[in-house]
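Peer 1: Got chain V sorted already, so can you dock chain X onto it with the hints?
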Amino acid sequence: MPTADGRALTEILGAFVPIGKGRDWDEVMGMNARTYLVNKENPPRAIRLVDNKQKTKDVLEAVGVPVPPTIEVLRDRRDLADLDWDNLPDSWELKPNMGRQGAGLVNIAERDDSGDGTGWRTGSGRPLSRSELVAHMRRVLDGEFSSGEVEQDWVLLEKLIVPHETLAGMVPQGLPDLRMICYRSEPLLAMIRLPTTASDGRANLHQGALGAAVDLGSGKVTRALFKGEEVSEHPDTGQNLIGVEVPYWNETLDSASRCSDATGLGYLGVDVVIDEDLGPLVLEVNARPGLQVQNVTGVGLATRLRGIDGQHWSSPV
Amino acid sequence: MGEASGRFGTNGWGRLLASLLALVVLLLAVPPEPVWAQQTTAAERESSGDSTTIGATEQVVLVNDEAGEEVEVLGRVDTGAFYTSIGEEVADALGIDTENAERITARSTLGEEERPLVEVTMRIAGQERNIRATVADRSDVADRMLIGRQDLTGFTVDTAQEQLATPSSPTREPPVLALFDFPAPPPNPSSLLAALPIAVLVAVVFRILIGIQTFGIFAPVLLSLAFVQVGLPAGLVILGTMLVAGLIVEPLLRPLKMPRVARLAVILGLVCGALLALGQFGPDPSASRNWTAAFPVVVATIVIEQFWGSWEQEGFRQALVGALWTTLAAIAAAPLLVSKPITWLAEHPPIYPFVLVAVGVGLSVLIGLYRGLRLSEFIRFRPALSKGKS
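Residue numbers (this note's numbering), protein chains in the order written: chain V, 0 to 316; chain X, 436 to 825.
Simulated from the structure, these hints should not be mistaken for laboratory data. Because the structure is a prediction, the values reported are computed rather than measured. Careful: at least some of the hints might be erroneous.
Claimed, not checked - What follows is a set of in silico ranges between Cβ atoms, one per label pair, in the way DEER data are often shown:
hint : chain 1 : residue 1 : chain 2 : residue 2 : range
1    : X       : Pro694    : V       : Val133    : 19 to 25 Å
2    : X       : Pro694    : V       : Asp199    : 27 to 33 Å
3    : X       : Leu801    : V       : Thr236    : 47 to 53 Å
4    : X       : Leu801    : V       : Ile241    : 42 to 48 Å
5    : X       : Gly651    : V       : Glu232    : 38 to 44 Å
6    : X       : Glu507    : V       : Arg287    : 54 to 60 Å
7    : V       : Val161    : X       : Thr676    : 50 to 56 Å
8    : V       : Asn51     : X       : Leu691    : 27 to 33 Å
9    : X       : Gly651    : V       : Leu127    : 36 to 42 Å
10   : V       : Leu127    : X       : Met693    : 23 to 29 Å
Stated by the list, open to error - Calculated from the model, a selection of chain V residues having no Cβ within reach of chain X, i.e. all distances over 12 Å:
hint : residue
11   : Gly114
12   : Glu250
13   : Ser256
Unchecked claim - In silico contact screen, one side only, chain X against chain V (beta carbon under 7 Å); selected entries:
hint : residue
14   : Ile643
15   : Pro818
16   : Ala819
All residues carry an ideal CB built from backbone N, CA and C; glycine is no exception.
Looking at chain V on its own, in the form it has when it is part of the complex:
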């Protein structure tokens, strides 16, 4: 009878195909194990909570986890009509509250004084008139950028994050972010995602961003992976990455470890950005964090989970 954690498969397969040692593969967590962990550790109510950015921010703030400051929450068209444009700060970020994978995001860098003086400019310098922004916000309110089959959503206006100079200096453009994988209040693995020209400024590994492993103890970058290959420099800026120390590392670890209790998720991915003025801010919490972090760090999640929980995480129910 083969064990349910798949050791049998890795060993049988390893005998025929050069896939590496069976034992080594045991340290890697696959989708099957992650699904099991998510089902076991993350109750549906908690998953629904973290789909809602504003509510997540509320519960995180309540336990002292810093989050991006909210400027305005627009819950319907009346709120949108009442929005006081003149009193907005010069830079801000627009987010759909239930947005999926960065859809519908707009970052506003400054006011545009040309024309009638009511326009704005995005971070990439594109001018946006007020009426264009209103039209976009209406689409957000109608749920066009939201996950699932929601018919309505909220528009969040937040302070625009300005990346800390240590991180900003590494990338050509965009906002680098840290992904911390946590089991309950214990961080297991951490990586920093650096936008590239290939990823079009987005910090998404699947879109071609660079992933760099961060050592949990020291907060230093130990290894970097770009398009499946190990690198030591950022491909666009040529900046050396190995050995760079992430600023505010202890605060970052502390924030990440509080997210489990606050949200009710037992297995989670915490996305943290380091703001120039405010330090580490938790952007969002993910109930089904991806497994790519294993490739970036070169460490299997199964190893870390066994070490922390003591129990055999993949044992049958």
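Peer 2: Structure of chain X alone, referenced to chain V:
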């Protein structure tokens, strides 16, 4: 999070209730007769006064007991004739000596004619009858056999249907081969029901053991059912045509920003229209008459909708790959649905269909408990190995 929002989904009882409700709906959708009640043999029905219904044409096996020869022909019901009539080449194939056979005078629209009258055994709709048939030159007629009144006693003929009782014909082609023919004999609903849990396993294996993403788990299974219904070539043609049609219609529908339900309804409508047109102006008018042709259409509609969704979320390439894998999973599942051992088990109530279901469910549980790596992950996570233990 208030209590109200947790009423559905999070609450264990709510979920149980919902699944029970779904089960009831499913059971209502299934034919009301229990599986084994539909499986009564034709002989039993006759003795209880019921008559077997056959279609306007029926697959028939003729046996010449003396020579031991068997021939399978498509018989057309001819209530205007008294005697059954078979073609000369059929008689030859059976090894019947027509030269020395008894002769009768047959009257037809062509006038009077002397015809040999031979004795053969006819297997039709699960019954075996000794009949006497006239032998005629039928080379210029499509039907090689006409079944006359004399040999139709005890049968009810439903002229709107074709080959109603064919599946119980004892010597049909090996079903797996028949699948690649057009059209394959559609397996009966109750045996399909028993084979479905096995077919679903293909999707489960694809997803959990191999790591290939199909469009959900139901799309490949429904698709395989559709393939079984119309045969693989026709099924692929229908699916391909509809996918292309879906690709053409997509950019037209997208600006309307309609909800999913309405979009699905629109594609379904368009597809039905196309099928009707095919039925009226196309080469095979029976295609649109036959309800079985409607089923693959509905399935293809579902696949198209999944395709669009995937296109929107993951891009065109991913959507294409998903459609391909879904089709391949369906092609893999279809032979399972009609394979000899499985159809045999499915058609032998009361115990064996349940054995089949139990095996399907049991294997699903076993595979579902597998928490190791998927095959594709041995490639995906190669970079994770480079440091190993730390």
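Peer 1: Are the hints correct? Go through all of them and say.
Peer 2: Status of the hints after comparison with the structure:
Remark: the range hint 19 to 25 Å for Pro694(X) to Val133(V) is upheld by a beta-carbon distance near 24 Å. About 30 Å separates the C-beta atoms of Pro694(X) and Asp199(V), a value consistent with the hinted range of 27 to 33 Å. Remark: the range hint 47 to 53 Å for Leu801(X) to Thr236(V) is upheld by a beta-carbon distance near 51 Å. Range check, Leu801(X) to Ile241(V): Cβ separation about 45 Å, and the 42 to 48 Å hint holds.
Roughly 43 Å separates the CB atoms of Gly651(X) and Glu232(V), a value that falls within the hinted 38 to 44 Å. Between Glu507(X) and Arg287(V) the beta carbons are some 56 Å apart, a value that agrees with the proposed interval 54 to 60 Å. Roughly 54 Å separates the CB atoms of Val161(V) and Thr676(X), a value that falls within the hinted 50 to 56 Å. Evaluation of the 27 to 33 Å hint for Asn51(V) and Leu691(X) yields a pass: the beta carbon distance comes to about 29 Å.
For Gly651(X) paired with Leu127(V), a C-beta distance near 39 Å keeps the hint of 36 to 42 Å intact. At roughly 28 Å, the beta-carbon separation of Leu127(V) and Met693(X) lies within the given 23 to 29 Å, and the hint holds. The claim that Gly114(V) is not at the interface with chain X holds, since no C-beta of that chain comes within 12 Å of its own (minimum 29 Å). Every Cβ of chain X is farther than 12 Å from the Cβ of Glu250(V); the closest lies at roughly 25 Å, confirming the non-interface assignment.
Separation of Ser256(V) from chain X is adequate, the least Cβ-Cβ distance of about 20 Å exceeding the 12 Å criterion. Hint on Ile643(X) holds. Least Cβ distance to chain V is approximately 6 Å, under the 7 Å limit. Using the Cβ-Cβ criterion of 7 Å, the hint placing Pro818(X) at the interface with chain V is satisfied: the shortest such distance is roughly 4 Å. Taking 7 Å as the C-beta contact cut-off toward chain V, the hint placing Ala819(X) at the interface holds, the least distance being around 4 Å.
Checked against the numbered hints above, the structure breaks none of them.
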